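> For reference, the chains in residue letters:
Protein chains: 2
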Amino acid sequence: MEISIQTAGIIGAVASVLGLGFAWYQRRFVLSQDAGNERMQKIAGAVQRGAQAFLSRQYRAVAVFVTIVTIVLVILSTVPGTGMSAWTAVAFVCGALASGLAGYIGMYIAVRANVRTTQAASESLNRGLRVAFASGTVMSTVVVSLALIGISLLFILFTNQLAPHQAASALAGFGFGGTSIAIFARVGGGIYTKAADVGADLVGKTEAGIPEDDPRNPATIADNVGDNVGDVAGMGSDLFESYASSIIAAISLANLGAGLAADLQLAGQVFPLLIAAAGLLIGMGCTYLVKTQENATQEMLLGSLRRGVYTASVLIAVVIVVLGLALNLGWGVIIATLSGLLGGVLIGYFTEYYTADSYAPTKQLADSAVGGAGIVVIRGLALGMFSTVAPVLVVVIVTLLATAVGGLYGIAMAAVGMLATLSITLATDAYGPVADNAGGIAEMAELDESVRNRTDALDSLGNTTAATGKGYAIGSAAMTALALNAAFVSAIQGTMGEPFTVDVLDPRLITGLFMGGLLPFLFSSLAMLAVGNAAQKIVEEVRRQFREIPGIMEGKNEPDYEKCVAISTDSAIRQMIVPGLIAVLVPVVITVLAIVGRDNFLGTLVGRETLIGLLVGSLVTAFMLAVMMSNAGGAWDNAKKYIEAGHHGGKRSEAHKAAVIGDTVGDPFKDTAGPSLNILLKLIAIVSLVLAPLLATVPV
Amino acid sequence: MEISIQTAGIIGAVASVLGLGFAWYQRRFVLSQDAGNERMQKIAGAVQRGAQAFLSRQYRAVAVFVTIVTIVLVILSTVPGTGMSAWTAVAFVCGALASGLAGYIGMYIAVRANVRTTQAASESLNRGLRVAFASGTVMSTVVVSLALIGISLLFILFTNQLAPHQAASALAGFGFGGTSIAIFARVGGGIYTKAADVGADLVGKTEAGIPEDDPRNPATIADNVGDNVGDVAGMGSDLFESYASSIIAAISLANLGAGLAADLQLAGQVFPLLIAAAGLLIGMGCTYLVKTQENATQEMLLGSLRRGVYTASVLIAVVIVVLGLALNLGWGVIIATLSGLLGGVLIGYFTEYYTADSYAPTKQLADSAVGGAGIVVIRGLALGMFSTVAPVLVVVIVTLLATAVGGLYGIAMAAVGMLATLSITLATDAYGPVADNAGGIAEMAELDESVRNRTDALDSLGNTTAATGKGYAIGSAAMTALALNAAFVSAIQGTMGEPFTVDVLDPRLITGLFMGGLLPFLFSSLAMLAVGNAAQKIVEEVRRQFREIPGIMEGKNEPDYEKCVAISTDSAIRQMIVPGLIAVLVPVVITVLAIVGRDNFLGTLVGRETLIGLLVGSLVTAFMLAVMMSNAGGAWDNAKKYIEAGHHGGKRSEAHKAAVIGDTVGDPFKDTAGPSLNILLKLIAIVSLVLAPLLATVPV
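Chains as they are written, first to last, in the numbering used here: chain A, 3 to 702; chain B, 3 to 702.
Okay, chain A solo, but in the shape it has when bound:
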């Protein structure tokens, strides 16, 4: 069977349009639900306004950045000899717009689904699950559809217009646009959500002794806004980018002829697009399998989500085999793709193992809380570090297997395979913050305890899927980055016309590795400091309000929620700039130095080898740190909840106090620094791929 690029592009575009239609339909379903009583709507309205305000300020700030980069890309394309096409700039703008739109729509529906989930949960558990999950599917199908339609259309355009290595760079522009939004969304949203959370907890829970989400806490609205801007919008932009980049890398590698016979290059290019299109449709269909009955246990709730995800995985595996055979790509490519699919499931499983309180590691962490805060922090850090072993081995095995059977193209297809189920896995993930918010609204609106119990059940499920989702996001980011690196090197080789080898002792390679290894540490430290600073401001504001507004604690006067929202927004926007810019500028600066250093002494200090080192070094340490931080954070969170459920003395025991301190440390780990590292590792890879045409002209 032979399928032309046009046909594949059209299939991808049609599937995307269907996906967008499905998202629209699900959006209508969510919005048609009862939004609850006046008080609930008032609370939800405040959350909506806060989220909206943050996102528009964030997007305005990022727009400046996007504009500058666009201008630079246009200028670069006009300089003779750079080999860069002006289409790169066009793709960049498209990617940025699509990623921003995906994040916006995800946030838009989440802040409306939360209150409707609360109301639905007051009727039945199943209805609550349906509404929250429908909101997740809106986001997931929008993310996947926008990425797929963008790539499909640009793909048709570029393969006609550009030489292979230029097309790779131009397509990468789309991914770069997506990442530019994602890095600021993840960092900014991550700072926002944890500053509000930590700030609210430190004064509210610890000092004033009022429960979480208590309406008397001035930071409680900001806390709920944070769930939406950090976990929803940030996660959406992040996975938009992994998804788009994995497909772009696979197409580019096939187009460049890396690891594929000449007569299979066309099939190699259409294969990832067709899998993506099939994955989108299958994922949409499988969302209908997610439902539960009243009085479902946690096991049953989780089972219903898993039924959807696992069915989708099996169906996509069948599609991969059938398509691979139909396109004559052979079993090597098929096995490589399947290994990625399986690897994603395994990484998700290991993440759950290390972070869920039904397994030994988190239980032991909770046990150690009896020994005090110091011990629980030491053990949590050790757990996080130890938990890197399994995901690294999965990535190592997938990489070795995929390349052994499918060459460099195999690595990219493994990444595509891992992300093929995104339209449903992301839905299970995006569902979490909605359920979390729904619980917050139930508490603030002082609804009946039975409602809160149901939203608690939904929220607890959300915590598990969030942990699995984070593992999946990190694993897929690493595979995507590897695929992008492969595309980058192939693009350089394509221009040079010879293999790109390096002396293993080249000091530029070694120092590049050191600087690459350093970046994630620097970046994480800035992100954590930002959370600390912003939380400190919230703490001071909440203390001030408790002191100055009379009758807050008696519920006579409402606190000034808006003020905390404004402070969180302000701090997050200001503090996202430096880490975001570092991530983008370091590879750019190295590239510029490598170009300037041609034929002079500088070239012995900085060269393409430095950039390769930077790519690989940052990939390795960002991956380790991201897994460690996410898992340690997840385990501390669940160890705290395990104690709250009545173990080791339950709430207010010494063990609980120690576990709360662990959780406070874990917050910026798992929701700010950890997830931002995903984007960091992809960002450097995609920037390099965009700049590949310039680098290809540097002599070795």
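The set of hints was computed from the structure by calculation and includes no laboratory data. No experiment lies behind these values; they were computed from the predicted model shown. Accuracy of the hints is not assured; some may be wrong.
One copy or two, it doesn't matter: identical chains are merged, so the pair holds either way.
[To be verified] DSBU-like, lysine-lysine: derived pairs with alpha carbons at most 30 angstroms apart:
#1 LYS365 <-> LYS558
#2 LYS207 <-> LYS365
#3 LYS293 <-> LYS539
#4 LYS539 <-> LYS365
#5 LYS659 <-> LYS207
#6 LYS539 <-> LYS643
#7 LYS207 <-> LYS558
Starting from the known structure of chain A, fit chain B onto it as the hints suggest.
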């Protein structure tokens, strides 16, 4: 000027004998001091017995390991075609014996100098400093002399007997022997010291409310033993190995002709030996500059140590220039060597900046303690991560500069330059635990407050030098590992007869990097868990004694110190095995797989490229983690002391409680996991160099 290998070897050996004589003389000086009253001697005796018992158990365990490795090396040398010489096994045994002896002598003198320092401090501050510092010089000159004499003699032997790449492997055997002792000494000693410390603090300070080193605390003797077996013996073996390996790498690279013109190969081999010999003599002389006057401030005490170190640095710089010119090695090699010397000083400075409470970072960390334990832990971790920037940039700049002007040989000479002042820098470092112990004995023996004040001043100085020393140990370990890697690759190239290049996308290289990056995380997590487990046992024992032995708290009955010593010893010995073996076995397993995989499918999955990836990946992440852990731990410790000095409410304030939790987290960071990583990164490099002859026969 031309100096033959024999002459250089003899000069090295003579300098070493002078060094050993000096050490003997200093030992007599220390032992001739008054050992104080009966009570002091009784306490010191308990510490001596505990340290002795631990070291002999440790050495017995390690002897098994050394025997097995020796047998394996002998067998390998008899298998035809491996190209490995039986001399490697001989050198291995010599290195292990020398390293073990150096650690033993350091411990022997430290546990005798402690009580004499207490007694001397009861007379005057200057006398206390003289005695403690003399004990440090015994250890430092023994470490340097034993390393130098071993290399000098083996060097004369091997260059006559063996081909260059075999000689490199055989000489590396000496370093490997040293590392084998060092890894177990550092890990075992590190677990011991922190388990006893954390255990003593958790029950004694926190639960029972008695001061540190209080004689009523059953774990207090174990705590003091820990200072000697961890900080003294562990540090000694560690730096023995860096020192020996840097010289070995430089000699091997010159012998292999890497980066040196053919007519300079001989000069290149004698240069590092002559610098080492000169450094030893200069360091010995400069120890006489370390003295102070009564009522000296902290500044003046630090100034007196610095006077010694800086004078030695300047004199050695002069020697480097003069020798380099005399041997006709040219300014490139000279500049490379000097860059290492300067880099060591800079890394020491940055370490002090991030960990001393006279600078902003630690002050801000102390400020954040007001926000509670969660915040102080987050900030400390962020500080540790941020503090990696400066040392990484120093290593990057030194590497680029040294290779640009001196080739691969330049890197090795930078490491030699960095370690040239070891005979005095290690003395300032080894002085710390003696002063710490002296304070403990003053407290336990209930001496006059004025004595304790003087020992506190000496101890506080020791904390600063310990922090600087740790930074220096990590920086020099990284440079040494780089030099060893260079020697390893050159040895392979020497056998292959062609440059060793790799495809930058070789999946074996990439997966090797991932696994290398993983190792330090795995290793650190095991070390921290071990401390947690061992501390837990001490906590239970101390609680039991408080409960079951009547009249402990009133001072009527003495606690059972021996029991805590026995528990610490037992736990540390048992728990050092797994991390130690992982560090040694992983590179061995990869090497074996690479050899087995010749000409078959396995070879596409594991090869020499995997080992290269493992080397570099572990180097990068071990370096980052080691710096992060050491500096975060040092900063937490000093932030706590800063608060204890009366800031933010002083002792027993909420801020102090938070800072104590930070310090508890920092303990296994800075004294167990962090320093052990130094050895991990060198270990993989040295094992590879030893096995290089086997690998050289694997086809690419």
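> Taking the hints in turn, state whether each one holds.
Consistency of the hints with the structure:
With identical chains, the CA atoms of LYS365 and LYS558 are never at most 30 angstroms apart, being 42 angstroms at best within one copy and 41 angstroms at best between copies. In this assembly of identical chains, LYS207 and LYS365 lie within 30 angstroms of each other by CA distance both inside one copy and across copies; the values are 24 angstroms within and 28 angstroms between. Taking the shortest alpha-carbon separations for LYS293 and LYS539, neither the intra-copy value of 42 angstroms nor the inter-copy value of 49 angstroms comes in at or below 30 angstroms. Taking the shortest Cα distances, LYS539 and LYS365 sit within 30 angstroms of each other only across copies (19 angstroms), while inside one copy they are farther apart (34 angstroms).
In the homo-oligomer, the alpha carbons of LYS659 and LYS207 lie at most 30 angstroms apart both inside one protomer (11 angstroms) and across protomers (19 angstroms), since each shortest distance falls under that limit. Taking the shortest Cα distances, LYS539 and LYS643 sit within 30 angstroms of each other both inside one copy (27 angstroms) and across copies (27 angstroms). In this homomeric assembly, LYS207 and LYS558 come within 30 angstroms of each other (Cα to Cα) only inside a single copy, at 20 angstroms, whereas the closest approach across copies is 45 angstroms.
In terms of the numbered hints stated before, the structure departs from hints 1, 3, listed from lowest to highest.
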